[in-house]
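Work out the full structure, taking the sequences as your base and the hints as a guide.
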Amino acid sequence: MRHRLRDPVAGLLFVLPVLVLFLIFRIFPSLGAAGMSLTDWNIGGEWSFIGADNYVRLLDDVNFWLSLRVTLVYAAIYVPLTVVVSLGTALLLNQVVFMRGLFRGMLFLPYVTSFVLAGVIWRWIYEFDGLINGLLAHAGLGPVAFLQETSLVLPALAVVSVWKGFGYSMLILLAGIKSIPASYLEAATVDGAGAWQRFRRITLPLLKPTLFFVLVIETISAFQVFDTIYVMTGGGPARASYSLIYGIYDHGFRSFDFGYAATWGMVLFAIVLVVSLIQRRFMGRGEV
Amino acid sequence: MTAAAARRVRWPLIALLGLLSVLTVSPFVAMVVVALTPAGKPTVPSQWPDSLTFDNLTRVLSSSGFVDWTLNSVVYSVVSVVVILLTASMAGYAFAKKRFPGRDAMFWTFLATMMVPFQATLIPTFVMVNSLNGVDTFWGLIVPTLANAQAVFLMRQFILGLPDELFDAAKVDGASELRVYLTIVVPLTRPIMATLGVFVFLWHWNDFLWPLVVGQSDATRTLTVGLTTLRTEETQLSLLMASATISVVPCLLVFFLLQRYLVNSIAMTGFK
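Chains A and B are the protein sequences, given in the same order.
Quick note on numbering: the numbering used here labels position 192 of the first sequence as 192, and the sequence is numbered without any gaps.
Quick note on numbering: the numbering used here labels position 210 of the second sequence as 498, and the sequence is numbered without any gaps.
One should not assume that every hint holds.
List of simulated lysine to any residue pairs, SDA-like, C-alpha gap at most 25 Å [what the hints assert, rightly or not]: (1) A:K178 to B:P300; (2) B:K560 to A:G105; (3) B:K386 to A:L19; (4) B:K386 to A:I217; (5) A:K178 to B:M556; (6) B:K560 to A:I217; (7) A:K178 to B:Y549; (8) A:K178 to B:V551; (9) B:K329 to A:P143; (10) A:K178 to B:Q547; (11) B:K386 to A:I24; (12) B:K386 to A:I177; (13) B:K560 to A:I177; (14) B:K386 to A:P143; (15) B:K560 to A:Q279; (16) B:K560 to A:L102; (17) A:K208 to B:V551; (18) B:K560 to A:V84.
Think of the hints as simulated: they come from the structure by calculation, not from any bench.
Written out as structure tokens, the structure is:
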């Protein structure tokens with residue numbers, strides 16, 4: 001009978017380190033974020049309970065609505081672009097056998113680097129005397145003010161994130177494409193279906209769950225854009241790239257207005273929660 | 289379709305794929321070319337540099353700030369890999385093979401925390417670490433990033449697939465719990481631990497927001513944060529690109545040595 005007691009005690013001891021880390025650094029701050037959003041909290045650690053004042057202030061804050069718009073526009077550019085690029089490269093990799101490993105490695109390479117590095121390189125690429133404008137000058141064109149033009153800055157930033165991250169979704173989609181039984185496609189070929197028809201009628205429908213997963217993951221990452229903005233634009237020009245997370249950072253670590261910054265964080269939490277719940281609803285249970 | 293016809297169709301696809309691959313790596317190539325261009329000399333895109341030099345790289349490597357940031361990044365990444373592998377494999381084992389009160393509730397709570405983005409809890413985490421005097425210290429930098437739900441989840445799923453008989457047999461033989469962990473769990477989870485270790489290393493080496501707010505001096509500043517303090521106005525472009533090049537070397541090593549590993553684990557687990 002000894003092992004009856006031994007199992008629970010050992011089990012609890014084995015989870016204890018993770019349990020302590022989670023309680024202190026994940027669960028407590030999650031509750032703390034909700035609590036802090038109801039306070040006026042400054043750098044000295046002094047705070048006072050102010051109820052829903054921060055939320056009222058948020059609704060009245062022009063910069064908040066602007067940052068929401070910036071984040072949504074950015075996501076609307078980034079998500080379709082990255083899905084198209086990763087699906088396109090995955091389909092190409094699936095078709096090509098010649099040097100496939102090399103091509104896959106080259107396409108995946110930026111994924112293992114940091115967004116900061118991507119930002120440092122692309123800040124130069126976009127500059128007036130940088131790579132793109134230099135090449136345009138050879139052709140007698142330009143210069144284009146990628147990061148100084150309010151209408152160009154979000155597409156320019158989205159391109160950097162697509163470049164840095166599409167390798168991940170490409171691999172997920174490639175695995176999805178490979179799991180489609182070859183016999184389906186062969187049968188369609190025998191029936192005289194062309195390449196486009198096979199893609200449209202077989203590959204795409206069977207790839208739908210994988211595509212949906214990629215869509216959700218990329219949407220969530222679009223809402224979390226920060227590193228490249230910090231490095232390349234500082235939220236500018238004229239707040240044209242002032243994203244939600246940039247707002248959290250700005251209020252928290254430039255103005256040290258912690259209560260209000262936590263309120264911005266709650267908005268991010270709400271958005272990610274909604275996207276996750278939509279995912280669960282459509283993907284069904286069992287996938288976690 | 290004949291084989292010859294199939295080959296005809298493939299060549300444009302190969303050309304397109306090759307072009308996209310070259311375009312994808314070209315920013316890195318440009319970065320390295322600029323890093324190897326003698327300081328102040330013309331380089332891409334206006335012209336190909338007349339001569340190449342390692343001067344910029346050695347200058348960067350001999351500047352104290354850069355060396356500090358690199359060592360800090362090494363500490364941040366390596367300590368995190370070791371602690372996360374250890375704690376996550378222990379917890380994964382308990383969640384998969386042990387019965388104890390509150391096990392399932394605890395596990396689902398861990399998973400639920402994955403839905404709370406770290407950035408949403410950035411402020412309370414910082415305030416807490418600050419009140420414990422952890423700002424600009426190594427423990428303040430590292431410890432809050434060690435609670436990793438993805439790691440626990442992955443370990444638990446993997447250990448769930450190991451046969452129960454292994455653990456029962458060890459118990460019948462009178463092996464202690466610690467012995468079971470060290471002689472059964474650790475050796476059998478080696479492949480998944482290697483994969484997880486690679487990902488945790490990359491996450492921490494490339495991490496930015498938390499090191500940015502908590503590492504406020506060169507004593508704890510990591511490479512990513514240090515890179516952002518180098519502005520083109522004050523730093524010559526060739527030195528900036530030399531710093532960037534060196535900062536990416538560990539990622540490239542991981543990439544070249546373990547690419548197959550990374551690729552397979554993303555395809556199989558959706559690990560990000």
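Comparing the hints with the structure gives:
1. A:K178 to B:P300: holds (21 Å)
2. B:K560 to A:G105: holds (17 Å)
3. B:K386 to A:L19: holds (15 Å)
4. B:K386 to A:I217: violated (32 Å)
5. A:K178 to B:M556: Roughly 12 Å separates the two Cα atoms, so the pair holds.
6. B:K560 to A:I217: Holds, at about 9 Å.
7. A:K178 to B:Y549: holds (18 Å)
8. A:K178 to B:V551: Measuring from Cα to Cα gives roughly 14 Å; hence the hint holds.
9. B:K329 to A:P143: Satisfied, since the Cα-Cα distance of roughly 22 Å is no more than 25 Å.
10. A:K178 to B:Q547: holds (19 Å)
11. B:K386 to A:I24: Between K386 of chain B and I24 of chain A the Cα gap is close to 24 Å, so the pair holds against 25 Å.
12. B:K386 to A:I177: violated (38 Å)
13. B:K560 to A:I177: Holds, at roughly 19 Å.
14. B:K386 to A:P143: violated (65 Å)
15. B:K560 to A:Q279: holds (17 Å)
16. B:K560 to A:L102: This hinted pair holds, its Cα atoms lying about 22 Å apart.
17. A:K208 to B:V551: Status holds; Cα separation ~21 Å.
18. B:K560 to A:V84: holds (19 Å)
Of the hints listed earlier, those the structure fails to meet are numbers 4, 12, 14, in rising order.
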